[in-house]
Every structure is written in structure tokens, then in C-alpha cells.
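Novice: Under my numbering, the first residue of the sequence shown is numbered 129, with each subsequent residue one higher.
Just so you know, these hints were derived from the structure itself, not from any lab. We treat Cβ as the ideally placed atom computed from N, Cα and C, and that holds for glycine. Everything hinted at is true.
When the alpha-carbon atoms are kept at most 27 Å apart in a straight line, the in silico DSS-like pairs for lysine-lysine are as follows:
#1 K376 with K414
#2 K223 with K213
#3 K224 with K390
#4 K409 with K376
#5 K376 with K400
#6 K328 with K244
#7 K239 with K448
#8 K448 with K376
#9 K213 with K400
#10 K390 with K414
#11 K213 with K396
#12 K328 with K239
#13 K376 with K396
#14 K414 with K223
#15 K224 with K448
Each pair of labels, with its calculated beta carbon distance range:
#16 E181 with Q159: 28 to 34 Å
#17 Q246 with P420: 38 to 44 Å
#18 D231 with A375: 27 to 33 Å
#19 T154 with E186: 45 to 51 Å
#20 A169 with E132: 51 to 57 Å
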Amino acid sequence: MMAEELKKEQETSAHLERMKKNLEVTVKDLQHRLDEAESLAMKGGKKQLQKLESRVRELEAEVEAEQRRGADAVKGVRKYERRVKELTYQTEEDKKNVIRLQDLVDKLQLKVKAYKRQAEEAEEQANTHLSRYRKVQHEMEEAQERADIAESQVNKLRAKSRDAGKEEQANTHLSRYRKVQHEMEEAQERADIAESQVNKLRAKSRDAGKQSAIMGDGEMECFGPAAVYLRKPERERIEAQNTPFDAKTAYFVAEPGEMYLKGTLVSKEGGKATVKTLCGKTLTVKEDDIHPMNPPKFDKIEDMAMMTHLNEPAVLYNLKERYAAWMIYGKEAEE
129 MMAEELKKEQ ETSAHLERMK KNLEVTVKDL QHRLDEAESL AMKGGKKQLQ
179 KLESRVRELE AEVEAEQRRG ADAVKGVRKY ERRVKELTYQ TEEDKKNVIR
229 LQDLVDKLQL KVKAYKRQAE EAEEQANTHL SRYRKVQHEM EEAQERADIA
279 ESQVNKLRAK SRDAGKEEQA NTHLSRYRKV QHEMEEAQER ADIAESQVNK
329 LRAKSRDAGK QSAIMGDGEM ECFGPAAVYL RKPERERIEA QNTPFDAKTA
379 YFVAEPGEMY LKGTLVSKEG GKATVKTLCG KTLTVKEDDI HPMNPPKFDK
429 IEDMAMMTHL NEPAVLYNLK ERYAAWMIYG KEAEE
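I would like the entire structure built from these sequences, with the hints used as guidance.
Specialist: Right under this line is the structure:
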């Protein structure tokens, strides 16, 4: 019994030993496979991880590029917004300038019409004086004719007269002759005066129609405050021709009483500008209230687009200079 049990135990033990070995072999095989699987998995995972990391870097680069494009787009939008505001402001300023220029043109056209009316009135007055002169001249010719007749009669009576009665009659005719001669002299004097007035009125009508640039400062005083806009004074024209010009410091400065004054820039600081005007005043204004001047050679330029600066005072000053030089409205004035 004991032997059988021992044998069974031995068989069982041998069987278990075989199973153990088989299991160990199986475990080793599985472990080997697991190691291979893990190795393959690690290799594949690293590649995948590298791909993912590369993709992440690409996406990060794309995000950064997109962010830069977005920032550039925002900057561009802001830049265009500023440009739109500037253009809007410039458009409004241009509209204001057009309104101001149109107002100035209307005023100048009214003055031209007034000059035309004055010329027509002067011409009409000249025609009236001319008709009077012709009438007086006709009367003078008649008086001369009567005087010639009277003188002829006096000479005849003197030749034929022998007695006192005839001599007295001759004296009477002589007095009549002298009276007629005196009337003739007065008529001649009136005719000369009328002719002189006609010539003056004709000259005045021509000057009123053209308002020639040779009018002196004294003649321009009749236009009052508007004279400086119609013709530059002689002294100012001479000074303008001889005054040195510095484009860096020559500016127009806004002045409520005079609209704009010419001046020399003294300094700029903190958004403020100090300008010394030609009349001796020193003004401190915002930098936006000063405008660069054009060189004197552009004062009477016909095409404004050719000027260096097209700001409001430069355009207004150019118009004033052109009008003062009779470069505009000349044709209307001649008509």
C-alpha cells in the first residue's frame, strides 16, 4: 500500500514536474513574445510620439503664424481706420476750403460786376457830356458865323459911312459884334471844359472796366479795407521781391482778427509753435494752426497743383495774389 501510494506520489510528482517544466517553457515563450511585443510597441510608440511631437510643433508654428497674421491684420485695420479718419478730416477741410474759396470768388465777382456797372455809368455820363459838348460846339459855330456876319457888316458900314448917323450905326454893329465875339469865346471855353470832362470820363470808364494794375496806392484807397485784396501795395510788392525766403521757417499762422498772417517760426515744443509775424507780434499756437508757405515764385502761379504746399492759407494767398496781379477776372473786366 505504501509502495503504491509512493509510486502514485512519484508519478504525480513527476507529472507535476513535467507540467512545471512545460509551464516554464510556455512562460519563457510568452515572456519572449511579450518582450518582443513591448519592443515593437516601444519602437512604434516612439515613432508615433515623434510624429505627434512634430505635428504639435507644426501646429504651434501655424498658430504663431496665424497670430502674427492676426496682429498684422489688426494693425492694418487700425492703420486704415486712421487713414479713413485722415481722409474724412481732409475731405471736410477741402469742403470748407471750397466754401471759403467760393465765397471769395462770389465776393470778387460782385466787385467785378460793380466795376462793370461803374464803367457803364461812367460811359453813359461821358456820352451825356459828349452830347452837351457837341451842342455847345454847334452853338459856338453859330455864334462864330453870326460874328463873321456882324464883322462883315461893320466893315461895310465903316467903308460907306460918311456922316455921324452912319458912324453911330457902325458903332452899334461893332458893339453887337463884340458881344457875339464874347459869347463865342465863352462857348469855346465851355466846349473846352466839356471836352476835357469827356476825356476824363472816358479814361475813368476804361480804368473802371479794367482796374489796371498801374493804379497807385492813392487811387486804391477808394476801395477801403478791400484794397489789399484787389492790389498789393507798392511798398509791399517791393519788400516781397527783396525779402530773403527760408522754406524751413516761413509759415502762415492762424490769427482770428486777420484769418492768417505771414511769420517766421521761432520754436516748436510740446505740440506748441511760436511764430513771429511780419507786423512784429509773437504768437504761440498749436502746431496744427501753422502752415508752411510757398516760395515767392509761386505767388502768382496759374496752376495750383504745381505749388509746393496746397494748404488753406497758401491757396487763399495765391488767389489774392493772382487777383491783385489781374491774372483772374481780367477778361470779364475788359468786357
